[in-house]
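Chemist: Here's the letter readout for the chains.
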Amino acid sequence: MAAQTVVSAPLLSWVLWVLVWAAILLIATVLGSRAGRLWREHRDAQLLGELRPAMLEVASGEDDDASALHRLTAVPAHRVPVVDRAVSAMLSKVRGEPARALARVLEAHGRAQWAIRGLSSHSAVHRAHAAWTLGLMRARETAPRLVPLLQDRSADVVVAAARALALLGDGSAARAVLRAVAPRRRPRGLPSWVAVESLCAFDDSAAPVIEAATLHPNSAVRHVAATVIGARPLLGAAPVVRERLAEETDPRTLAAFVEALGRVGGPRDLPVLSRFARHRDETVALAAVESLERLGLASSVAALAPLVADPRPRLAERAAVALTELGPAGRDRLRDVVAAEGSAALPANYALQLTAMRSAGHGVD
Amino acid sequence: MSPEHQSILVADDDPDIRDLVVFKLQQAGYEVRAVEDGTAALSALEDGIPDVVVLDVMMPGLSGLDVLRQIRATDRLSGVKVVLLTARARDTDVDDGYNTGADDYVTKPFSPRELLHRVNTLLGRGR
Amino acid sequence: MEWIDALRSAVAAVLAFIAVPVLIYFLLINTSYLVMIVLAAVDFVAQRRRIPFAGREELMHSRTMPGISVVAPMHNEEVGIRVAVESFLSLQHPRHEVIVVDDGSTDNGFEVLRRAFDLVPVSRQMPQDVPVRETPTSIHVPRDGRTRLTVVRKRNSGRSDSINVGVNLAREDLVLFVDSDSILDPGALLAVSRPFIEDPISTVAAGGVIRAVNGCRVKGGRVLEVRMPGTPLADIQVMEYLRAFHLGRAGWSRINALLLISGAFGVFRRDALVSVGGLDASSIGEDFELVMRLHRTFRKQRRPYRVTFLTEPICWTEVPSTLPVLRRQRARWHRGLWETLWAYRDMLGNPRYGRLGLVAVPYYWLFELVAPLLELAGLVLIALGFALGLVAVEYFVLFMLVAYAYAIIVTLAAVTIEELSYHKYPRWRDLGITLGAVVLENLGYRQLTAWWRMEGWVASLRNRRQVWGTMTRSGFTEVDG
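Residue numbers (the working numbering), protein chains in the order written: chain Z, 1 to 365; chain F, 366 to 492; chain X, 493 to 973.
One or more of the hints may lead you astray.
As the list claims (entries may be wrong) - Distance condition first, Cα-Cα at most 30 Å in a straight line; then the derived DSS-like pairs of lysine-lysine:
(1) Z:93 to F:446
(2) X:711 to X:916
(3) X:916 to Z:93
Said to hold, decoys possible - Here are a few chain X residues that face chain F, going by a calculated C-beta distance under 10 Å:
(4) 550
(5) 571
(6) 582
(7) 584
(8) 586
(9) 636
(10) 672
(11) 677
(12) 712
(13) 714
Just so you know, these hints were derived from the structure itself, not from any lab. Note that CB positions come from ideal geometry on N, CA and C, so glycine has one too.
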């Protein structure tokens with residue numbers, strides 16, 4: 001019969017045989033990997049437990065006679081990676097003299113040479129690890145070797161290189177970091193936030209490069225530049241930001257510029273911020289309200305007050321809350337708005353209510 | 366006041382940082398108690414009143430700022446000095462911290478020596 | 493017994509005709525799962541290895557972190573709501589608010605919240621950015637004026653409409669939808685914000701992994717220890733979630749063709765939600781529908797956009813522990829899948845949608861939608877052939893063994909990847925339970941769920957007109973409020 005010969009029985013049993021063996025293999029992998037992992041974890045925890053006091057001593061800068069440093073560097077060769085992992089983790093959390101002391105542990109283990117060799121490894125994880133180690137060791141002289149990795153084909157390596165450069169703080173890498181945000185050959189660039197953190201960590205030699213990047217054709221790069229200007233903050237970049245505000249086409253980037261102006265701008269920027277608070281795109285408008293509040297000037301009150309009547313409820317409410325943050329003048333102004341009983345009375349009332357509840361809570365102390 | 370009688374409460378969820386802070390402060394002769402989150406910090410404050418609380422801002426559960434707010438809203442704890450341990454000086458963090466009543470802050474990655482110095486200063490024990 | 497002979501020859505003819513296609517189909521569907529799992533595995537293992545230098549710590553304090561509004565609809569959940577809200581409020585994030593939308597609960601849920609958080613009513617105007625059916629009857633905030641919690645009360649209008657109300661009231665740039673019976677890991681908000689600060693210009697949505705919380709040790713809205721549920725029905729679902737929702741979707745995301753973001757846990761940029769009109773309150777598969785609408789709208793407007801999937805398991809939810817509940821769930825899912833695929837049938841094979849149109853949507857039609865039909869048809873035929881003596885007993889048994897052994901291998905592969913990457917289940921006995929569930933899934937569960945999925949599909953086809961009446965209304969520009 002036809003159905004019986006869909007697939008020949010011997011073929012089926014052969015397939016079944018293969019599948020059963022594959023299942024056994026998978027189960028063995030699971031069991032083996034779990035047993036191995038638990039054993040390694042136990043062994044590593046024991047070693048690190050023993051070395052913990054020495055590590056704390058070095059990391060807290062109390063190791064005056066270098067005896068603790070000696071204990072950390074004296075572990076047998078095959079245990080070195082375990083110690084180095086723990087030291088690296090600690091290194092990312094401290095700075096100053098303790099960081100230099102911890103770096104000496106890695107140095108004594110030959111990590112510097114290992115890392116420099118590793119930068120050209122075939123394994124992406126190895127390259128990333130190498131770059132990050134050089135950063136942790138604050139090996140400033142290796143910065144030029146890290147820069148090419150910003151164009152690496154592996155996204156992980158690019159991130160590790162940018163973060164390592166941030167730890168080194170050398171502003172000459174700024175251009176390469178910005179270029180990595182919008183690479184030509186790959187679809188995905190360096191994540192924006194990593195670029196921002198790196199550029200914020202660089203010394204002032206990065207400033208002109210960041211300002212120039214506000215003109216970059218790619219909006220992701222402009223967004224990074226705008227964010228960095230606001231976050232560092234780069235006070236000298238205020239004129240550049242003012243210029244860009246007039247030209248920016250991407251709404252989210254525009255919002256970033258508006259926000260940056262709130263951090264680097266001054267009283268003369270109130271009119272332009274007021275104008276942006278009326279912007280069609282709500283993200284931009286909200287950023288403008290935030291900036292008006294951040295400038296925190298007496299004249300901000302006058303700029304924010306009309307916004308409480310904005311037809312967009314989120315914006316009106318945000319403006320009202322901003323006014324309560326601007327001291328008695330702002331709150332008085334809100335009370336006037338409430339008294340006038342217009343459409344702005346509702347958000348104004350809400351903001352005042354919140355403030356009242358907050359100060360009632362404070363009365364306890 | 367001799368440092369032996371001055372006690373410090375440390376709250377941080379990162380064991381590396383917690384151990385490091387405890388170690389450094391103990392070396393300096395303070396009596397130190399460490400907890401790993403905001404809720405534990407509040408219950409530790411029920412048990413005794415330390416001179417200084419070192420608070421990590423971002424902890425799971427109650428954040429450092431929440432704990433700080435509680436401290437400032439409690440009469441019994443009015444004399445407690447608070448140092449915030451924040452990763453990176455995000456200006457909003459620092460503003461929030463001071464607005465909420467922090468006495469000082471230290472940014473991560475931090476220098477244990479700097480933290481000790483700030484604590485010493487708060488307790489009027491200059492070096 | 494002439495009719496039996498007639499039936500026999502008819503079945504024989506059908507078998508001869510479709511046996512090979514059905515066999516190939518099963519081979520393909522399971523192989524596609526396997527491929528997705530392997531694709532995801534590459535990602536997972538790399539992700540584990542790069543943890544030391546990927547900068548998780550820095551992420552937490554990034555200056556670019558946008559604010560996020562957690563929107564949790566609540567309907568008659570007085571038992572767990574307090575702990576849920578407390579845990580949402582205590583998630584790690586520099587700037588997040590929690591919005592609970594009480595969808596006309598008839599229990600004491602609101603009272604519980606009012607007492608727990610000392611809520612007082614405030615007068616706020618709700619923006620009409622996203623159309624809603626029901627407007628709030630009252631809005632409440634905690635008396636301290638600081639805790640960033642908003643509790644909105646409104647008449648009952650369903651989950652989607654409640655979320656839309658939450659979206660309107662959301663103050664932050666991002667909105668997270670989460671069911672109030674879900675549990676989020678402490679770092680969940682930071683993790684979901686990550687794609688949005690990696691690519692702030694174009695990321696519009698991100699979805700996360702959901703795992704079953706049944707059996708886990710939970711305290712104060714946190715998962716303390718991950719455990720297998722220990723009841724067969726839930727154990728099997730854990731395997732299913734792992735294979736299909738975790739690894740499967742991670743695989744799709746890797747080839748940039750992710751279609752589905754799970755409803756229990758999705759993050760969207762608020763302005764993107766507003767521009768497409770929020771959730772469609774009349775849709776059954778509202779989450780799937782929303783993502784499809786995002787794809788369609790943004791492609792049509794030629795705006796750059798990105799939908800991302802997060803592979804770290806960070807959201808936990810209770811899976812159905814009884815058959816009737818499971819049945820309703822699966823029927824609803826399949827109905828939602830069908831109605832959405834049908835409503836967006838123009839995307840099928842449409843090169844304008846790139847890989848989505850050419851790979852993902854056809855895959856969903858061919859494998860997700862049709863799978864239960866073919867599986868049941870195959871079963872019925874082979875059983876019939878067996879009953880009519882067309883198929884020998886040994887052959888029948890061998891055939892079934894091979895078919896299910898392959899399915900078991902696929903799940904085992906998923907279990908192996910989990911063990912090599914996240915190894916969330918620390919107890920040895922859970923490993924035993926896992927292996928048991930892998931086998932059990934194929935003995936009854938698969939067949940039952942296939943049947944239920946068919947039920948959902950059939951139900952939809954039956955009252956198609958009525959469904960259509962509402963579906964056509966689901967345009968992404970304006971829906972009457």
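Chemist: Hint by hint, note whether the structure agrees.
Modeler: Evaluated hints:
1. A threshold of 30 Å between alpha carbons decides the hint, and for residue 93 of chain Z with residue 446 of chain F the separation of about 24 Å falls inside it, so the pair holds.
2. Taking the CA atoms of residue 711 of chain X and residue 916 of chain X, the gap is near 17 Å; set against the 30 Å cutoff, the hint holds.
3. Among the hinted pairs, residue 916 of chain X with residue 93 of chain Z is consistent with the structure: their alpha-carbon atoms are about 27 Å apart, no more than 30 Å.
4. Among the interface hints, the one on residue 550 of chain X holds; its C-beta lies about 8 Å from the nearest C-beta in chain F, closer than the 10 Å criterion.
5. Here the hint on residue 571 of chain X is broken, as its CB sits about 21 Å from the closest CB of chain F, past 10 Å.
6. For residue 582 of chain X, the interface hint holds, the least distance from its beta-carbon to any beta-carbon of chain F being 5 Å, beneath 10 Å.
7. Contact between residue 584 of chain X and chain F, as hinted, is supported at the beta carbon level, the nearest pair being about 6 Å apart and thus within 10 Å.
8. For the restraint placing residue 586 of chain X at the interface with chain F, the shortest Cβ-Cβ distance is roughly 7 Å, inside the 10 Å limit, so the hint holds.
9. For residue 636 of chain X, the interface hint holds, the least distance from its beta-carbon to any beta-carbon of chain F being 9 Å, beneath 10 Å.
10. For the restraint placing residue 672 of chain X at the interface with chain F, the shortest Cβ-Cβ distance is roughly 19 Å, beyond the 10 Å limit, so the hint is violated.
11. Because the smallest distance between the Cβ of residue 677 of chain X and any Cβ of chain F comes to about 9 Å, under 10 Å, the interface hint for this residue holds.
12. With a cut of 10 Å, the hint placing residue 712 of chain X at the interface with chain F holds, because the nearest CB-to-CB distance is about 8 Å.
13. The beta carbon of residue 714 of chain X comes within 8 Å of a beta carbon in chain F, closer than 10 Å, and the hint placing it at the interface holds.
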